[in-house]
Amino acid sequence: MRLLTVAAMRAVDAAAIAGGMPGRTLMTAAGAAVAARARARLPAGGRTLVLCGPGNNGGDGFVAARLLAEDGYAVDVRLLGDRATLAGDAALAAEAWTGPVGPASSKEPRACDLVIDALFGAGLSRDLDGEARALVEAVNADACPVLAIDVPSGLDGDTGAVRGAAIRATETVTFVTLKPGHLLEPGRSLCGQLSVADIGSGPAALESGLAVCGAPLYRNGPDLWARGFPRLTRASHKYTRGHALVLSGPATKTGAARLAARGALRVGAGLVTVASPTGALAENAAHLTAIMLRPCETADDLDDLLTDERLNVVLAGPGLGTGEPTRERVAVAASAGRCLVLDADALTSFSGQARLLAAHLEDGAARAVLTPHAGEFARLFDGTGAMAEGADKLARARAAAALTGAVVVYKGADTVIAGPDGRAAINDHGSPYLGTAGSGDVLGGLIAGLLAQGMEPFEAAAAGVWLHGDAGLRHGPGLIAEDIPELMPAVLGGLAEAALT
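So for the sequence shown, the numbering used here puts the first residue at 1; every next one is plus one.
Treat the hints loosely; a few may be bogus.
To be verified - Here are the computed distance ranges between Cβ atoms for each label pair:
| hint | residue 1 | residue 2 | range |
| --- | --- | --- | --- |
| 1 | 252 | 310 | 28 to 36 Å |
| 2 | 207 | 99 | 15 to 23 Å |
| 3 | 437 | 232 | 27 to 35 Å |
Honestly, the hints are just simulated from the structure, not real lab data. No residue lacks a Cβ here, since even glycine has one placed at the ideal position from N, Cα and C.
Model the full structure from these sequences, guided by the hints.
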């Protein structure tokens, strides 16, 4: 579940070697793991092309090539660069390979069943050009499956960015644990199937790597938030499960609030109320049954509603409208010290005023979750360090959380959940079918419903994102936002009991 940066993985290797594990032993284990994944993909007697680079990634490739050849597979090894320049463990691995080594530029892609990409690892520090880039582009132009070692060559292991050009892999096998670049786009799409191999580094070495990482970084999943996930007892009833208040917009824009409210109810909030302008009461009433409805025209009306302490979460934004009235409602909700979920129009209303929003949250000691997509994020944090040029998505989300004091859910195919304490999680449990109108409104409701039941903001945000993604995976093609709340019983039922103990 924990992710390691490139620097942290170097620290793991160094600690393992310092602890008595020879580097060559680690390389042999890595190569063996690659060979095992290659066997799973190769037909009997299949042909493998191994493309080796000038560093340790190439050394892993030489080990895999030797083991596959010993098992009777036809193996063609090509090297990018001069064999005489190989050093250390990589040189020893190349020496143990007794077959011919051709130049990488003479690759014949259609003469193999599998390409093993052992050119460059996660620590690549420059953009590919020249012969290396041409080789990557040639591999991508071919239809042969690719098994990448560590990361697809050309991919930045920390950010998921492409350094000039990058291999498009069918599968990527990495070691010890995943890196951020495996989950952040476009890296996630380029990695294909992900496999993680234990190469014997040991727990002490892993701890050394985690120490280098600093603030914890996770792959989002139930293990991250299971301990705080709501559980019912025989004594549970609707008043012990929280009461979420969802702010509705005018009559022409009520659907988003209702989607959010249904998400909150389906995920387990005991009570949900939609606070509606008078002109939208009839429209909302026509569609609401178990969800309650209260009139609310102004920020003062919201202030009056929040004298009821049982209303412990406020969700503002979906269809609410932009401008000063929405900013006033957010200020009132924050000053009441409630848990807040701010999305859509609530975020856009503070465009370029992230520090003002942060001041409202701080003044009321409100515990908040912000759920921007890329456009909302750019508008809200314009002119702040969260939009620093060259910053990756993870760095931006962390900067935004630190600035606002809120948990930030930076949405997308690689949603990042970042807390003001530096913790972060990257979510890869989802489906492109979730990219549909209203889907984000339901996500806001899921997070609000979990907050209502007492989850901490970071855990509630991470859990809401995962549950939302699981619904998308379960439904598949044809998904619309209304389907997501109705999938929650199956999603919640599908959480293994062992994961929630």
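Consistency of the hints with the structure:
For the pair residue 252 and residue 310, the supplied restraint of 28 to 36 Å holds, since their beta-carbon distance comes to about 31 Å. For residue 207 and residue 99, the Cβ-Cβ distance of about 40 Å falls outside the hinted range of 15 to 23 Å, so the restraint is violated. Our hint of 27 to 35 Å for residue 437 and residue 232 holds, since their Cβ atoms are close to 33 Å apart.
The structure fails to meet hint 2 from the earlier list, while all remaining hints are met.
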